[in-house]
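Novice: Generate coordinates for the entire structure from the input sequences, incorporating the hints supplied.
Residue numbers (the working numbering), protein chains in the order written: chain A, 1 to 130; chain B, 131 to 583; chain C, 584 to 934; chain D, 935 to 1151.
Everything labelled a hint here was simulated from the structure, so no lab data went into it.
Cβ atoms here follow ideal geometry from the backbone N, Cα and C, with glycine treated the same way.
Warning: the hint list may mix true and false statements.
So these bits of chain C aren't anywhere near chain A, every CB distance computed over 12 Å [what the hints assert, rightly or not]:
no., residue
1, His674
2, Glu694
3, Lys768
4, Phe793
5, Gln811
6, Asp830
7, Gly865
Pairs of lysine to any residue, SDA-like flavour, derived with a Cα cap of 20 Å [said to hold, decoys possible]:
no., chain 1, residue 1, chain 2, residue 2
8, C, Lys597, A, Val118
9, C, Lys904, D, Pro944
10, B, Lys353, B, Glu572
11, C, Lys801, D, Leu1107
12, B, Lys529, B, Pro209
13, D, Lys1072, D, Lys1150
14, B, Lys225, B, Thr245
15, D, Lys968, C, Ala626
16, B, Lys400, B, Met335
17, B, Lys150, B, Asp166
18, D, Lys968, C, Phe793
19, C, Lys929, B, Asp166
20, B, Lys529, D, Ala1002
21, B, Lys225, C, Ile918
22, B, Lys395, D, Pro971
23, C, Lys827, C, Tyr891
24, C, Lys801, D, Arg1099
25, B, Lys464, B, Thr566
26, B, Lys518, B, Gln559
27, B, Lys454, B, Met573
28, B, Lys435, D, Pro979
29, B, Lys177, C, Gly934
30, B, Lys458, B, Gln559
31, B, Lys150, B, Ser522
32, C, Lys929, B, Glu165
33, C, Lys627, C, Phe793
34, B, Lys464, B, Glu572
35, B, Lys241, C, Gly598
36, D, Lys968, B, Asn431
37, C, Lys861, A, Pro50
38, B, Lys395, C, Lys597
39, C, Lys627, C, Pro588
40, D, Lys1150, D, Gly1138
Here are the chains, one letter per residue:
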Amino acid sequence: MTSLDNIGIQVEAVHGNVRPILNEVLHALDKLIANNETTIIDLAGLPFAPGELDELEETLGQGELSAQLDALGSSRIQETTYPGVWWIEHRNAHDEVVGRYLEITRIPEILSSQDADVCAGRARLGEQFE
Amino acid sequence: MTTVDGRHELDREAERLAYKPPEVRHDKQGDMDSEDRINKAMHNFVKNFNTQTASYLDGCLHCGMCADACHFHVRTDDPRYTPIWKIELFKRTYKRQVSPFAFFYRLLGLKRHVTIEDLEEWQHLLYDSCTVCGRCSLVCPMGIDVAGLISMARHGMFKAGLIPHELHEVAKRAAETGSPLGITPDKFEDRVEWMADEHEVEIPMDVEQADVLAVMSSIEIQKYPESIAATAKILNAAGESWTFRTDGFEATNFGMLSGNPDWQKDATMKLIDAAVKIGAKMIVLPECGHAYMALRWQGANMYGKPLPFKVLHISEYMADALDKGKIKVRKVDKSVTYHDPCQVSRRGGATQAARDVIGHLGVDFREMEYGGDYNWCCGGGGGVVTIKRADSLRHRVFKLKMDQVEKTEADQLLSSCANCRQSFDDSQQHFSWDYTMGSLMEMVAENLEEDNS
Amino acid sequence: MKNKPTVGEILQAKGVSRRGFLKYCATTASLLALPPAMIPRIAKAIESARRPSVIWLSFQECTGCTESLTRSAAPTVEGLIFDAISLDYHHTLQAASGEQAEAARHAAMEENEGGYLVLVDGSIPMGNPGFSTIAGISNHDMLMETVAGAAAVVSIGTCAAFGGIPGADPNPTGAVSVQDLVKDKPIVNVPGCPPIPMVMTAVLTQFLTFGQLPEVDKFRRPLAFFGQTIHDRCYRRPFYEQGKFADSFDDEGAKAGWCLYKLGCKGPTTYNACATAKWNQGTSFPIESGHPCLGCSEPGFWDKGGFYEPLSTGKFGSGAKVAGAAAAGIAMGVIAAAAGRSRQAKFTKEG
Amino acid sequence: MDLLEFARGPALEWAAYILVAGTIWRIVGIVLLKEKPDYSEPRKPAGFGAALKVIWTRAFTAEPFAKATLYPKMMAYVMHIGLFGVIFLFTPHIVFFEGWTGLDWPGLPNSIIFFLGVATVVSAVALLVRRLTNPVLKLISNFDDYFSWFVSTLPVVTGLLIPVRIGLRYEDLLAVHILSVVLLLIWLPFGKLGHTFLVFVTRGTTGMVFERRGAKT
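Specialist: So this is what it looks like as structure tokens:
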């Protein structure tokens, strides 16, 4: 292990993606303010260089609100330091990331209680009174 | 079709070497049919192709820059005067007959056969509108010596009997009588004696053994006989053992100019034989440009071996003699500009000699703009001055020269070529121009310091 | 197909909440490389989709494709897709064997006549039917028999798609691809050695959700994944543009993570999604690990010269051939010059 | 075998053979023609050095001709320097030459190569327009001139299209690019593009002949 560690790998950073994404976010925020229009950016299809995703996450930072969802594995829904910009990360049961999105919205849809679940919950609660 | 020499009299009044204008032009010689002429032209084009010419003809890029160097094109904007176009037929024949891919050119018919109409048209391009001045050879980015190719293309034209009337007559007379102006040995002797008397100068003639053989051009003998005296004064002053020879005095070579290698060789061999006979160590060539090309650079090749003597142009001789102190000259209080004869300077390599001589004369020397090796030609070289139908074109071209000279505002215009001189004289008359061409050699002769003689 | 439950029903039966389903749809959209705006449509389609029957045939192959798929098919979101399909025959994965297995295949074919999907990995030997058989049936016979009633065929891996390694020069078994044999069925190729598991599941998901095969390129590869080259989507592309290249595997350029073009990377001519989908649960892809792309998803990749030979290397013949050309040139030159000289001599004589 | 394989393989290979054979054919065919010895007494010794001198000096315009030939010369310079850059300083090309000769040298960033390529094409077009409009060039030009222009400009254009794509696939564009180079290589020894090697012969010959006379070269 020591001999491998001695290989002086110093990967030269590539910053191809961060700025364009931030620019896209900026325009998405404009649309949100003007028309209440939601934008979702799928980060899976982008050719990130090593470390670039972390750079993006650090740039956006962690805002006031953070939520954890447990459905088919855990999911992290984090508002960034830019209100209205949400970092959403879905994981599977093995805690592997299966989807990563930036959602520019007032509240991500997945945080709302869903009609079907509300109905099902209502039914379960109702059973107690039967 | 045949032309008869006798009917054409020399025009002794003209400002240049000329026959009286022919009443009927015969620009075709011999009575060959067209087919024969084409074959003759082609066969004699083909003879000239060697490694050097082949690489030139294969290397042309058709960039057209040679047009910008040619006085005929510059003054007329006629694209046919593009130097490389003038050898188009020569080039085409090369591609079809001898080039590495000649087989394909013939098989696929890629290069058109030369026609008689082509040849007739090209007579104008190869003779009337080219003085073989070689300016184009200096602009060519491929370094192709276009002027050299023109001279070779003329070989085919001559054998096809497609020479401008006057040039052919002059060349023929030179071949027959030894002089383009029909100056016989007797007549030469007369003129020499006359000059010896007139100038009270000793002029050795037909000496059996001499170190230096001096020769003359018929133009000088006929029109500028002072040159004879000047030559004698200089050689005497230098204390040379020298002589003129009646069996070898004619320096001009109209065989070369017109494109007949046989005549060229005859004329050259006369000089060589005479020099060899007297055991000369040197031939001093007169003020004649093409004579320098003919003997200095082509003479040995006509001879088939190195010449057993040196060949110097008179300007080279004078420069050497002045440098070595063999002759001395008085300072001349004048401003002078110098017109370089193409064959001596640009193509001959003796550009510096005239300037050395001028330096000794102590004049206020005013080099023309782009003088020396890039000098504009007088417009009359390469035989052009003999061709009457080319007069208007030649005069048109001369404007370049006039501008070049006038810009110097020099008192005196000099050159070292009798052919240039007569072109200048003719154009001077035509334009009623102020400048009269003088001779560098005569200026030296007039200003020799006597104490040395 | 009548009794098969919809995917929505299956998920519900597994106690998956609506939030979980939305999450599932979002990742499916990602998987299919569809824009997030499509998520509601996907949700609707998935809810009502029914389990299709799938028959998986393995011929001349190394099981790498199945490995690739099953490695990823541990209970992940896309693993659920496989819960949603009915894998009726897969002789590596199935418990049944021999005649029992073949009976299952025939049963599935009959039951789903015209509606089942055939997945094939491995190439088919045409040199001799005995080169590869299953239950005594030659690969060719089994393929033709099975696809006869199929809705579509998906060739999994480069061997099935293009002949792959068995088909490489000198191709001792006479191996051919599925598309060489099957001419009357829609075919989708998912090449790769192995293919990216996500791409395999995406094709199935697409079929499952929308009941149709994805749009393909000229090699019948799904455009969503094979529409761009590795080079186009490679994070090291900027180094290529700047002219920064690794010259060897241990030089400073390699350590700095520069472009691997000069080390033989086939990224510019290879169409695949490795650069974005990545491997090993999204960890990285070969170039990210410092190795040039081999071009495994391209037809004939095995025969396209050395893996470490740069793409723009010309393929010259031996020095001897060049010398031969030179000798021919000399000979022609000599002949041409001789011909020219003889013409000169002839013309000189004629004058 | 797809188009790219064909282009990189047999097409390029045969083009190389034809290039080698044709070049040598042409040179040998010229060199083996009769050569007349020059017996004249040289003014100064002029051998290989004189040839090299003129090979170098004729790359530049003599001052008296500078103004008249400025435009075509500038265009030709841009075209030649551009060609040199795109051919020899683009890394994939260097890799190509390295595979062939074993020699390696540093390349330029692609942006500069792209700029050089565009400059090359612009100058080539300018020269073509000149050839089509200038009376001298119109007269003296023949098929060789236009075809040689075409085959030498085409690879630059096809090369430039590779990053631009115009909706086509990389490997197809690359194949077309290589095939255009194949065309160039095949034509090069036979037409006026032979000046790539003949320039050394013509300039060298003139250098030796005129230097020997002490005349202006």
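Novice: Against each hint, give a clear statement of whether it holds in the structure.
Specialist: Here is how each hint holds up against the structure:
1. His674: holds, 28 Å
2. Glu694: The claim stands: Glu694 (chain C) keeps its Cβ more than 12 Å from every Cβ of chain A (closest is about 31 Å).
3. Lys768: The claim holds: Lys768 (chain C) sits with its nearest Cβ about 30 Å from chain A, beyond 12 Å.
4. Phe793: holds, 19 Å
5. Gln811: violated, 10 Å
6. Asp830: About 15 Å separates Asp830 (chain C) from the closest Cβ of chain A, which puts it past 12 Å; holds.
7. Gly865: violated, 6 Å
8. C:Lys597 with A:Val118: holds, 18 Å
9. C:Lys904 with D:Pro944: holds, 13 Å
10. B:Lys353 with B:Glu572: OK: Lys353 (chain B) and Glu572 (chain B) at ~14 Å, within 20 Å.
11. C:Lys801 with D:Leu1107: holds, 15 Å
12. B:Lys529 with B:Pro209: The hint holds at about 19 Å.
13. D:Lys1072 with D:Lys1150: Cα-Cα ~30 Å, so violated.
14. B:Lys225 with B:Thr245: holds, 16 Å
15. D:Lys968 with C:Ala626: violated, 88 Å
16. B:Lys400 with B:Met335: holds, 16 Å
17. B:Lys150 with B:Asp166: Answer violated: Lys150 (chain B) to Asp166 (chain B) is near 31 Å, above 20 Å.
18. D:Lys968 with C:Phe793: Not satisfied, since the Cα-Cα distance of roughly 81 Å exceeds 20 Å.
19. C:Lys929 with B:Asp166: With Cα atoms ~15 Å apart, Lys929 (chain C) and Asp166 (chain B) stay inside 20 Å; holds.
20. B:Lys529 with D:Ala1002: With Cα atoms ~18 Å apart, Lys529 (chain B) and Ala1002 (chain D) stay inside 20 Å; holds.
21. B:Lys225 with C:Ile918: holds, 15 Å
22. B:Lys395 with D:Pro971: holds, 16 Å
23. C:Lys827 with C:Tyr891: With a Cα-Cα distance of about 18 Å, the restraint between Lys827 (chain C) and Tyr891 (chain C) holds, given a limit of 20 Å.
24. C:Lys801 with D:Arg1099: Holds: Lys801 (chain C) and Arg1099 (chain D) sit about 17 Å apart, inside 20 Å.
25. B:Lys464 with B:Thr566: holds, 15 Å
26. B:Lys518 with B:Gln559: holds, 15 Å
27. B:Lys454 with B:Met573: holds, 19 Å
28. B:Lys435 with D:Pro979: holds, 18 Å
29. B:Lys177 with C:Gly934: The hint holds at about 9 Å.
30. B:Lys458 with B:Gln559: Answer violated: Lys458 (chain B) to Gln559 (chain B) is near 35 Å, above 20 Å.
31. B:Lys150 with B:Ser522: holds, 16 Å
32. C:Lys929 with B:Glu165: holds, 17 Å
33. C:Lys627 with C:Phe793: holds, 10 Å
34. B:Lys464 with B:Glu572: holds, 15 Å
35. B:Lys241 with C:Gly598: At roughly 88 Å apart (the allowed maximum being 20 Å), Gly598 (chain C) and Lys241 (chain B) break the hint.
36. D:Lys968 with B:Asn431: holds, 15 Å
37. C:Lys861 with A:Pro50: holds, 12 Å
38. B:Lys395 with C:Lys597: violated, 114 Å
39. C:Lys627 with C:Pro588: This hinted pair holds, its Cα atoms lying about 15 Å apart.
40. D:Lys1150 with D:Gly1138: Answer holds: Lys1150 (chain D) to Gly1138 (chain D) is near 14 Å, not above 20 Å.
Hint compliance for this structure: hints 5, 7, 13, 15, 17, 18, 30, 35 and 38 are broken, all remaining hints hold.
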